[in-house]
Amino acid sequence: MKEGHFFDRSRNVKRLLMGFYIFLVLLIVVDLFFPKHPVVPWERYPFFYGAYGFVAYVSIVLASNYILRKLLKRKEDYYD
Amino acid sequence: MINSLPPAAILIIGAFLVPFLKGRLKSAYLLLLPVIAFINVVSVPEGIHWTAGFLGYDLIFGRVDRLSRAFGYMFTIISFIGTLYALHLKNEDGQHVAAFLAAGGALGAIFAGDLVSLFVFLEIMTIASTYLIWARRTEASYGAGLRYLLVHLFGGLCLLVGIIIRVHQTDSIEFGVIGLNGLASYLILIGFGINCAFPVLHAWLPDAYPEATITGTVFLGAFTTKVAVYALARAFPGTEVLIWVGAAMTVFPIFYAAIENDLRRVLSYSIINQVGFMVAGIGIGTPLALNGAVAHAFNNILFKALLFMSMGAVMHQTGKSKATDLGGLYKTMPLTTLFCIIGAVSISGFPFFNGFVSKSMIMAAATHQGMGILWLVLLFASAGVLHHAGIKIPYHAFFSHDSGIRTKEPPLNMILAMGIAAFLCISIGLLPGPLYNILPHPVDYQPYTGAHVLDQFQLLSFAVLAFCLLILSGLHPVEMRVILLDVDWFYRKGAKVFYRLADRLLGVKGDASLPDVVGTDREVIRGSEDRKVPS
Numbered sequence: 001m002k003e004g005h006f007f008d009r010s011r012n013v014k015r016l017l018m019g020f021y022i023f024l025v026l027l028i029v030v031d032l033f034f035p036k037h038p039v040v041p042w043e044r045y046p047f048f049y050g051a052y053g054f055v056a057y058v059s060i061v062l063a064s065n066y067i068l069r070k071l072l073k074r075k076e077d078y079y080d
Numbered sequence: 081m082i083n084s085l086p087p088a089a090i091l092i093i094g095a096f097l098v099p100f101l102k103g104r105l106k107s108a109y110l111l112l113l114p115v116i117a118f119i120n121v122v123s124v125p126e127g128i129h130w131t132a133g134f135l136g137y138d139l140i141f142g143r144v145d146r147l148s149r150a151f152g153y154m155f156t157i158i159s160f161i162g163t164l165y166a167l168h169l170k171n172e173d174g175q176h177v178a179a180f181l182a183a184g185g186a187l188g189a190i191f192a193g194d195l196v197s198l199f200v201f202l203e204i205m206t207i208a209s210t211y212l213i214w215a216r217r218t219e220a221s222y223g224a225g226l227r228y229l230l231v232h233l234f235g236g237l238c239l240l241v242g243i244i245i246r247v248h249q250t251d252s253i254e255f256g257v258i259g260l261n262g263l264a265s266y267l268i269l270i271g272f273g274i275n276c277a278f279p280v281l282h283a284w285l286p287d288a289y290p291e292a293t294i295t296g297t298v299f300l301g302a303f304t305t306k307v308a309v310y311a312l313a314r315a316f317p318g319t320e321v322l323i324w325v326g327a328a329m330t331v332f333p334i335f336y337a338a339i340e341n342d343l344r345r346v347l348s349y350s351i352i353n354q355v356g357f358m359v360a361g362i363g364i365g366t367p368l369a370l371n372g373a374v375a376h377a378f379n380n381i382l383f384k385a386l387l388f389m390s391m392g393a394v395m396h397q398t399g400k401s402k403a404t405d406l407g408g409l410y411k412t413m414p415l416t417t418l419f420c421i422i423g424a425v426s427i428s429g430f431p432f433f434n435g436f437v438s439k440s441m442i443m444a445a446a447t448h449q450g451m452g453i454l455w456l457v458l459l460f461a462s463a464g465v466l467h468h469a470g471i472k473i474p475y476h477a478f479f480s481h482d483s484g485i486r487t488k489e490p491p492l493n494m495i496l497a498m499g500i501a502a503f504l505c506i507s508i509g510l511l512p513g514p515l516y517n518i519l520p521h522p523v524d525y526q527p528y529t530g531a532h533v534l535d536q537f538q539l540l541s542f543a544v545l546a547f548c549l550l551i552l553s554g555l556h557p558v559e560m561r562v563i564l565l566d567v568d569w570f571y572r573k574g575a576k577v578f579y580r581l582a583d584r585l586l587g588v589k590g591d592a593s594l595p596d597v598v599g600t601d602r603e604v605i606r607g608s609e610d611r612k613v614p615s
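The listed protein sequences correspond, in order, to chains A and B.
Under this note's numbering, the first sequence has 48 at position 48, and the numbering climbs by one with no breaks.
Numbering-wise, this note's numbering comes out as the position in the second sequence, counting from 1, plus 80.
In case anyone wonders, no lab produced these hints; they're calculated from the structure.
From the three backbone atoms N, C-alpha and C, an ideal C-beta is built for every residue, glycine too.
Fair warning: there could be bad hints in the mix.
[Unchecked claim] Every beta carbon over 12 Å from chain A, so not counted as near; a handful from chain B, in silico:
hint, residue
1, Ile-128
2, Phe-332
3, Gly-408
4, Met-451
5, Pro-527
6, Val-544
7, Lys-576
8, Arg-584
[Said to hold, decoys possible] To spell it out: a stretch of chain B is covered by chain A in this simulated footprint if at least three of its residues, at any positions, have a beta carbon under 8 Å from a beta carbon of chain A; those stretches are:
hint, segment
9, 110-119
10, 172-186
11, 433-443
12, 455-463
[What the hints assert, rightly or not] Mimicking SDA-like on lysine to any residue, the simulated pairs with C-alpha atoms at most 25 Å apart in a straight line are:
hint, chain 1, residue 1, chain 2, residue 2
13, B, Lys-400, A, His-5
14, A, Lys-75, B, Phe-432
15, A, Lys-73, B, Lys-170
16, B, Lys-170, B, Ile-116
17, A, Lys-70, B, Val-331
18, A, Lys-70, B, Lys-170
19, A, Lys-75, B, Lys-106
20, B, Lys-106, B, Ile-204
21, B, Lys-400, A, Asn-65
22, A, Lys-75, B, Ile-204
23, A, Lys-36, B, Lys-106
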C-alpha cells in the first residue's frame, strides 16, 4: 500500500472512526439533556431515534441478503 | 414575446432545430433553450393561457397556478442541468432532440388544463423516453426499451379509456380534482400509477432506466415519475389509498436496492422509494403534506440527477456500473466522488442538505394527522435510503476494495452539471426559504429546530454505525454478480409462453423465443454495437 491515498493508511481510517465514535457519544449525551416535545408516543423514550436507525439498518441488510436474495437471485444471463 | 408560446412548445419546436446547427452555436443553442423555457415559466402570470378549440371542447395548454409553476421550475432547471451534462455528445442529435421532447412533454403535461392535451403530452414523453433507452444501442437496451414502450402504452390506454368514460359522464375535459368515484377514476389512477411506479406496476422502471444512455437517464429519472406525482397531486389529493400505496413504495424497493449489483439499478429502485414519500404526502392531503410532496419532488429531481450523473460519469470513464467491478475510484475521480457524496448525503436527509427540509414536511404532516404507524414506516424507509443511496452508492463506486481501475475525471461539462446540482442541494438545504416560497400553499413550517436536527442526526448516524460494525466484523454480505427477479418476470417469461402457444396453435413461423420475431431489428442492433457506444 504505497500509493499514499487517504484510505490506504489504516491510521487515517482509525482516526476517522474515532472521530465518528466521539460524535455518537456526544449525540447520546446531548439527547439526555435536550428538552423535547414528543408528538409521537415513541419519541418519549430517550435515544429512540438512534436505536431505531441502528435496528432498521441491520434488519434491512440481513433480511435483504439472507431472505430476499436467496429467493430472487438468478444468473446474469437468466433472461437471455 | 417570450410568452407567445407555452414552455412545452419552446422545447418541442426548438428541439427540431438542433440537427441544423453545428459547433459552438449548437452548444449555445442547446443551453439557451431551457433557459428561455425557464424565463417563460417565471414570467407567465397565473391564469389560463394558450387555449384552442377541439371538437367543441377547449384545450388548455397553459393552466398556470402555484402547483403547475412549481413543477415548471423543476423541469426547466433540470433540463438545463441535463443538457449541460450531455453537451459533449457531438454526433447524437437524436438524443438531444429526444431529451427536449421528453422535457417538453413533461412541461406540456403539467401545464395542461384539460385531459386530452394531458394525454397527448404524456404520450410524447413516452415516445421520447423510449428513444433515450434505445439510443444506448445495445441488445439489452433494445429489449428494455420495447418493454418500457409496451408498459407505458398499456398505461396510456388505461388513461385514455378512463378519460373517454369521464368525458362521457361529465361532458367536460377539465383536468382538475377527480377523486376515487367510479370506473373512470380507477382507470385514470392506474394510468397515472404506472407512470408513478406504484407497487406491482413498477417493474418497468428498474428494468429500463439502467439500460438507457448515460445522459438520457438523467432526463428519464426526472420527468416520468414526477409528472405522475403532479397528476396525482392535481387529481387525487387526500385520497386515502395513496397513503398506503406510498408507504409500500417507500419500503419494498429498499430491500431490492440493498442487494442489487448494478448501481444505476440501485438508483432506479431508489426513485420508487423517494416517489413513495411524495405519494404518501399526496394521500395525506393536508396543505403541509402537499407542500412536502412538491418540495420533495423538487429536491429529489436535484439529488437523484446528481447521483445518476455521478454514476454516469463513472460509467463514461470506466464503462462499468456494477458494484462488483468498481471501487477505489476516489483516488482518480475526487471531484466526482465529492459530488456523489453530496447527492448521497442530500437524499439521506442529513440536516443542512435539501432532502432534510422537504422529507421532514411529509413526516411532520403524518404526525399532525396522528398517523403514528405511517410515521414509523417512513422513518424505517429513511434508514433504508441511507443504506442504499447514502452509503452503498458512494462506498462501492469510490471506496470499498480497490478495483485497480485508474482513470480521470469526466469532461468539464459533466463536472459543471454535477457542480450546479450539488450547489443547489446544499444551498436549498441551508436556505429553504426560496423553495418554500414557490410551494402550492403558504408554508408555516420550521425544519431547523434543535430537537429535529438532533433526532435526524441520531437516526442516520447510528445507522452509519450499524454499517461500520457490520463491515468491521465481516458480517456485511458482499455484492454478487446476479440479477434479481421482479414483477417483470411475469411478462418477460409470459410473452415467451404466449409465443410458444401461438406457434403451436396458429403455426406462426419461427422458434420459441420471442426476440427472434424481430430478428431483423436484432441484426440492426447487433450491427450498431460495433460502433462506439454513445454515452
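Now for the hints, and whether the structure bears them out:
1. Ile-128: Per Cβ check, Ile-128(B) is outside 12 Å of chain A; nearest 41 Å; holds.
2. Phe-332: violated (10 Å)
3. Gly-408: Gly-408(B) is in fact no farther than 12 Å from some Cβ atom of chain A, at 8 Å.
4. Met-451: violated (9 Å)
5. Pro-527: holds (15 Å)
6. Val-544: violated (7 Å)
7. Lys-576: Since the minimum Cβ distance to chain A is about 10 Å, Lys-576(B) lies within 12 Å and the statement is violated.
8. Arg-584: holds (22 Å)
9. 110-119: Our answer is that it is violated, as 0 residues pass the Cβ test (under 8 Å) against chain A, missing three.
10. 172-186: Coverage by chain A is violated here, the residue count being 0 at a Cβ distance below 8 Å.
11. 433-443: Violated - the segment 433-443 of chain B has 0 residues with a Cβ nearer than 8 Å to chain A, which falls short of three.
12. 455-463: Coverage by chain A holds here, the residue count being 5 at a Cβ distance below 8 Å.
13. Lys-400(B) to His-5(A): Holds, at about 22 Å.
14. Lys-75(A) to Phe-432(B): violated (42 Å)
15. Lys-73(A) to Lys-170(B): Between Lys-73(A) and Lys-170(B) the Cα gap is close to 39 Å, so the pair fails against 25 Å, i.e. violated.
16. Lys-170(B) to Ile-116(B): Cα-Cα ~22 Å, so holds.
17. Lys-70(A) to Val-331(B): Satisfied, since the Cα-Cα distance of roughly 19 Å is no more than 25 Å.
18. Lys-70(A) to Lys-170(B): violated (45 Å)
19. Lys-75(A) to Lys-106(B): Given pair Lys-75(A), Lys-106(B) is violated - Cα atoms ~44 Å apart, limit 25 Å.
20. Lys-106(B) to Ile-204(B): Judged against 25 Å, a Cα distance of about 23 Å means the pair holds.
21. Lys-400(B) to Asn-65(A): holds (23 Å)
22. Lys-75(A) to Ile-204(B): violated (36 Å)
23. Lys-36(A) to Lys-106(B): violated (57 Å)
Hints 2, 3, 4, 6, 7, 9, 10, 11, 14, 15, 18, 19, 22 and 23, counting from the list given before, are not met by this structure.
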